[in-house]
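Okay, here's what each chain looks like letter by letter:
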Amino acid sequence: MKSSPARRRAATTAAAVCALAVALAGCGGTTKKDNDNSGPAKTDAKADPGAPLKKGLKLAFLPKQINNPYEKLIDQAGITAAGEFGGKGKEVGPSDASASSQVSYINTLVQQRQDAILIAANDPNAVCGPLKQAMKKDIKVVAYDSDTAPACRQLFINQAGSEEIGRSQVQHLAEQLDYKGEIAILSATQNATNQNTWIRFMKDELSKPAYKNMKLVKTVYGDDDDQKSFQETQGLLKAYPKLKGIIAPTTVGIAAAARYISGSSYEGKVVLNGLGTPNQMRKYVKDGTVEQFSLWDPKKLGYLGSYAAAALASGQITGAEGEKFKAGKLGEYTVGKNGEIILGPPTVFDKANIDKFDF
Amino acid sequence: MKLRWDTAVGVLLVAVFLTGLGTTDGFASRDNLAFAFNDIAEVALMALPMTLLVVAGQVDLSVASMLGLGSALTGQLWDAGWAFETIVPIVLLVGVVGGLINGWLVTRVGLPSLAVTIGTLALYRGLASVVLGTGAITDFPETYAKWAVDTTTVPGTFLTYPVVLFIVLAAIAAVVLHATGLGRSLFAIGAQEDAAYFAGLRVKRVKLLLFVVSGLISAFAGVVFTLRYGSARADNGQGFEMLVIASVLLGGVDFDGGKGTLFGAVAGVLLIGVLKNLLTLNDVANEVQVIVTGLLLVASVLTPRLITTVSAWRHRRAAASTS
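Residue numbers (the UniProt record's numbering), protein chains in the order written: chain A, 1 to 359; chain B, 1 to 323.
One or more hints might be untrue.
Within a straight-line C-alpha distance of at most 25 Å, the following computed SDA-like cross-link-like pairs (lysine to any residue) qualify [stated by the list, open to error]:
1) B/K146 x A/K72
2) A/K137 x B/T24
3) A/K132 x B/V168
4) A/K136 x B/D31
5) A/K72 x A/S264
6) A/K72 x B/N282
Example chain A residues on the side facing chain B (calculated, C-beta under 8 Å, incomplete) [stated by the list, open to error]:
7) K88
8) V92
9) A99
10) V103
11) N107
12) T108
13) Q111
14) T197
15) F201
Short derived list, chain B residues pointing at chain A, Cβ under 10 Å [said to hold, decoys possible]:
16) N236
17) D256
18) T322
The set of hints was computed from the structure by calculation and includes no laboratory data. A quick note: this is a predicted structure, and the numbers were derived from the prediction, not measured. Beta carbons are placed, not taken as given, at the ideal position from N, Cα and C, and that holds for glycine.
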């Protein structure tokens, strides 16, 4: 019979495991306290606006996921831009978008001595430690598309400012409607932060005297669900027979609304505008259901990111507010608060230019 | 002559390591080595009890979900203002309870461990989501984080603290598996459970103990993971169970039970870790990495059988020619 000593040994093993585990974690003795991850990364370096862009810079793009088609467009444009200033760009990344999967890539990019890492973060904090390490080794860090905690990067390239998106949506629709008539908003979910921020700016824009003949009658929510958005559009047009225009600042919503309108008696009578992707909306632009819609151009985002990283790595900027640099053919940009750079107004897509875009 | 697959994996590991030293800039740096090994710390920790389980003909698919539950609990309790010294024992206790549930369902209800732990894989991950939702808790201070991060190493070495813990536990596991009665009983149970039972081994008790240790270590791996990334999430470590099992099988532990060495399993884990690091450093695409790992795994399962078949065939031919 071996089980008795075996059991005793096993129990000892388990106890040892426990003790070690507790010993490893049980050092220090505080509870939760604040950690400073709020401000952007600080550098002691001084910016030299006149410095030329360095030659042979190595830039690495780290998307959320290597097969994300939207981010691939951004990265490819960034890599092409790097070629313009004599640098070398590449895209590496994980095949899944989990919180931790980008971390091993950051480490290897540090070992490969890249000059800059451009990252669309899956988790704003899980990538923080290694990014801070990278910056310690003088590798510049630029976030794009999806920000990290501000302390873990020098710059964040934002596709568009919330205020600009909100106001421009109203401005575009107003021009199409000659500044008069009832309008409605088809949003995503009721608690989507970005949507609600945009809608707040839309309402603020509408309160200006220029829009006194326009009236927002209702905001409905399609929950980023194609069917629900389709039905909400249907309901909206039934409930408000005098409705002249709909703003759908959601790519799912605008496509569903366009699908409903294109097959109904409202075609040509109701103006639909909002945020959508060219590939989704091409059909409706060509058949006249939708005259125009907008979204940022991912290629410009990548292009700007590449130049911003190069400007950082060449010492033209350090990431402090107010610094200026030239982003090739896009012109001059200024670093905003918290190291944020805004790409600019959204691109408007219509019959004339839609075939130039593929995303 | 019989090929020892675990030795072959050990040799392969050394070969890959030397290739890295010779060909790849940055591979040999202290930072990279510290990182490469720390990066697989949780998988390596969970592979230890998994080795013992597989030798005994069992499997625990719920390890990564238990890691997620441990991570979610750590985050939520920390956020609620608990002291870390209290949180860790609680998380470990939850790991023990999770392991008891697995073990109880296997030994008392008599269900196969594969079916039980497929169920608890979903259950524990679900509980993790209940505990923490889809959010993340992130503000773990340096005091604790430093014990798990890649940058804190044991002075003078490239070994991080999770890796040191792994070495200690691996040594204990090796002794238990290869030099104790308990270890021998694991092989006996894995090879022929009924025979082991009739030989007087307390099969159920041993199996229960293995699941408890597996749950305990997985929950602790959740704490390590949380501190290492500074981010507690319910979906942390998703899919790690496959990596853990793959490492153990790659190390030559027989999925049918009864055969394997701890040395092989450790070599398997390290091989997957070093290979991943080396391929990433050389910009090999993620898809290719997955294929390489997959091929290695197929080879590890196939080669020993192939060798047996070939030698049996040779033996028969030799016998035929002499007759």
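With the threshold set at 25 Å, check whether the alpha-carbon distance from A/K132 to B/V168 stays at or below it. 30 Å, violated
Double-check B/D256 for me: the hint is only fine if its C-beta lies closer than 10 Å to a C-beta in chain A. 23 Å, violated
Answer holds if the nearest beta-carbon of chain B is closer than 8 Å to that of A/K88; otherwise answer violated. 12 Å, violated
Are A/K72 and A/S264 close enough, with their CA atoms no more than 25 Å apart? 36 Å, violated
A/T197 as an interface hint toward chain B, with CB separation required under 8 Å: For A/T197, the interface hint is violated, since the closest Cβ of chain B sits about 20 Å away, which is over 8 Å.
Would you settle whether the hint for A/Q111 is holds or violated, based on the nearest Cβ-Cβ distance to chain B being less than 8 Å? 3 Å, holds
Hint validity - A/V92 Cβ closer than 8 Å to any chain B Cβ: Since the shortest Cβ distance to chain B is 6 Å, the answer is holds.
Regarding the pair A/K136 and B/D31, is the alpha-carbon distance no greater than 25 Å? Within the cut-off at roughly 13 Å; holds.
Taking the least C-beta to C-beta distance, is A/N107 closer than 8 Å to chain B? 5 Å, holds
Against chain B, with CB atoms and a cut of 8 Å, does the hint on A/F201 hold up? Violated, about 26 Å.
With a cut-off of 10 Å, does the beta carbon of B/T322 approach a beta carbon of chain A closely enough for the hint to hold? 44 Å, violated
Hint check: 8 Å Cβ-Cβ cutoff, A/V103 to chain B: 7 Å, holds
Checked against the numbered hints above, the structure breaks hints 1, 3, 5, 7, 14, 15, 17, 18 and satisfies the rest.
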